[in-house]
Amino acid sequence: MSKPVVSLSGVTKSFEAAGVTALQSIDLDVGPGEFVSLIGPSGCGKSTLLRVVGDLVEPTSGTVVVNGKSARQARRDGDYGIVFQDAVLYDWRTVSKNIGLPLELLGWDKTRRAERVEELLRLVELQGFGGHHPWQLSGGMQQRVAIARALSFSPALLLMDEPFGALDEMTRERLNGELLRIWEASGSTVLFVTHSIAEAVFLSTRVVVMSRRPGRIAAIVDVDLPQPRTADTREEPRFFELVTEVRDRLREGGLDEDSTAPGEGELLVGEETA
Amino acid sequence: MAHAASAAPAQPPLLDPKRVRSAAVSVCLFLAVLAVLWALWEGFKAFGEAIDLRLGRFEPNDRTMPHLHEIVGTLFEPSRRNGPLLIDILWDAALFTAKEAAVGFALGAVVGFALGAALAHSGLLQRGFLPYIIASQTIPILAVAPMVVVWVNPRLPPSLKDWGAVAVIAAYLTFFPVTINTMRGLTSVDPRALELMRSYAATNWKVLWKLRVPTALPYIFAALKIAAPASVVGAIIGELPASIQNGLGGAILNFNQYYVTAPERLWATNLIAALLGITFFLLVLVAERLVVRRAPEHVG
Chain A
2 MSKPVVSLSG
12 VTKSFEAAGV
22 TALQSIDLDV
32 GPGEFVSLIG
42 PSGCGKSTLL
52 RVVGDLVEPT
62 SGTVVVNGKS
72 ARQARRDGDY
82 GIVFQDAVLY
92 DWRTVSKNIG
102 LPLELLGWDK
112 TRRAERVEEL
122 LRLVELQGFG
132 GHHPWQLSGG
142 MQQRVAIARA
152 LSFSPALLLM
162 DEPFGALDEM
172 TRERLNGELL
182 RIWEASGSTV
192 LFVTHSIAEA
202 VFLSTRVVVM
212 SRRPGRIAAI
222 VDVDLPQPRT
232 ADTREEPRFF
242 ELVTEVRDRL
252 REGGLDEDST
262 APGEGELLVG
272 EETA
Chain B
58 MAHAASAAPA
68 QPPLLDPKRV
78 RSAAVSVCLF
88 LAVLAVLWAL
98 WEGFKAFGEA
108 IDLRLGRFEP
118 NDRTMPHLHE
128 IVGTLFEPSR
138 RNGPLLIDIL
148 WDAALFTAKE
158 AAVGFALGAV
168 VGFALGAALA
178 HSGLLQRGFL
188 PYIIASQTIP
198 ILAVAPMVVV
208 WVNPRLPPSL
218 KDWGAVAVIA
228 AYLTFFPVTI
238 NTMRGLTSVD
248 PRALELMRSY
258 AATNWKVLWK
268 LRVPTALPYI
278 FAALKIAAPA
288 SVVGAIIGEL
298 PASIQNGLGG
308 AILNFNQYYV
318 TAPERLWATN
328 LIAALLGITF
338 FLLVLVAERL
348 VVRRAPEHVG
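Line by line, the protein sequences are chains A and B. Using the numbering used here, you'd call the opening residue of the first sequence number 2 and step up by one each time. Using the numbering used here, you'd call the opening residue of the second sequence number 58 and step up by one each time.
Derived from the structure by calculation, the hints contain no laboratory data. No false leads were slipped in.
Here are some chain B residues pointing at chain A (derived, C-beta under 10 angstroms):
1) 249
2) 252
3) 254
4) 257
5) 258
6) 259
7) 263
8) 267
9) 271
10) 349
Ideal placement from N, C-alpha and C gives every residue a C-beta, glycine not left out.
Construct the complete structure from the given sequences, taking the supplied hints into account.
Structure follows, in C-alpha cells:
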C-alpha cells in the first residue's frame, strides 16, 4: 500500500468512569482511495474508532496518523469531513448556507463559496434546492446535504458514522449507489461505520469486522467485486458469498444474539434471498 | 428529477385565498372576543346596579364602573376647560413613557444577553452570581425605584436626568428573563453540532456566533416578548419616585386624584397604557418573525 491515509497502531480506548474498554489494541492502515467499512455488534467501539481518527475522542494509548500528521493536526488542517447518522443541519440556514458553513469558517470569499456550493449541489443531485430550508427536505435529501457539506473543502478523508441508518431500505440502497458515484468523482478515501452487512459489502473495497467489546479487529475481508457497482451487483453470487463470509467472521468475533442492533434485521436479508 | 416530489411546495403568494381567509378569521375572532368582554362589563354593571349588588366594599355604579363607551368617549373631550383633548394629552404622555421604556428595554436586553452569555460559559460564575440575580427580582420594584433614582440621577448629564433613571428602572425589569433564557438557549446546543464545529477546528468565538447564538434566538425572543410589556410597566412605575409629570405614570397619578369627579379619565389612561404595552409586544413579535427562521412548528 502506498502511504496510508489513516494509520492506527495499538490504539486502545478505555472510559475510566464507566469502567469500560471500548477499543483494544487496534492496528489498521487505510490506503488512499480505499472505501473501508467498519462493522460489528453494538458497543464494539466502531463509532469510537471513527471519532479517534477524527480527533473527537482521545485514545488512551497507541498512535494515530492521519495524512502523515497527528490526528489533532489533521483536524486543525481540515483533512477530513464527517457525516453522522443525523444530518445535523442548521435550521436557520438554507441548504446552500449549510453546505457553505465549513467554507465560511475557512474564510473563503462569497463568490468562491457560491461556485463551490453550486458544484456540490450538482454532485449530490440537489440542484435548485439551495434556497430551501432543512425542514422542507426529506431525510434522504438532508443526508445528501450533509455529505455535500462534508465534501465542501475537498478533504482527503471522509468519515461516516452510519449515515444511512435512519433511512428506509429503498432510500438507503439508492443513496449507497449515489455515495459510490460521489466517492469515485471526488477521489477521497472513505471510512464508513455501519450495522448492515449488505451495505458494507456493497460499498467497500475492504470490510473490517470488529469483535464484541472490548473491540478488536476480528477479521478483514477483501471485497473483490468489480467497480463500478450497480444494483445488479447485489444479485451476483459473489456478493452473497462475501455477505456470508462477513457474517461468519462476525459470529466468530462474538455476535451476541441478545445484543440486537438497529440493523439486525438486515443480517438476515442475505439468507432470505440466497 | 425523481426527488422533486418529496420537497415542500414554494411559499404561497401573499394574497392567496387561504391566507386571506385565515387573516379574516383572526380579525373576526378578535372582534368577537372584544364584543364578549364588552358585553360582560356592561352586563355585570347593569346586573349589579339593578340588584344593588355589594361585594365587600365594592358596588358597581357609574363611579366604580363607568360605561365603556363613556371611557372611550372621554378621550375625545378636553380634560380641562378650553384645554386640549384628553387623547392628545395621553398621546404625548405615552410617547414620553415609550421613550423611557424603549431605552430601558434595549439596555435590559443588552445587559441580559451579556450576562446570560457570561453565565453560560462559566459554571463558576453561574453558581456565584445566579442566586443574587434571582434575589434582585424578588424585591418589589416600588422599593427599588427610589433607590435607583437617588443613585443614578446625579450621575446623568442634564439632558438625560430623571427620565434616564426611569429607563434604568425599566431595564431592571427587563434584563432578568433575557438573562435566564439566553443562558438556557446558549447551552441547549446539539452535542453533535458541537462535534461538527470541532471537526472544522472552529474557534470558540465562531462557535458562539455561528452556532450557539442562532440556537438561542428562539429562547431569547421568548424572553423579549415577556420583557416588552414589563419595560412599559417598569417605566410607568418608575416615573412616580422620579417625580415625572410628562409620562403616563404622571397622568395616572393625576387622574387618580380626580377620580371622584371624573372616573372615566383614569380608566381611559389605563386603556392607553395597556395599548402601549401591547404595541411593544407586537413590535417584538414582528421582529421575531423577521429574524428567527425556523420550521413553522418550532417558533412560538
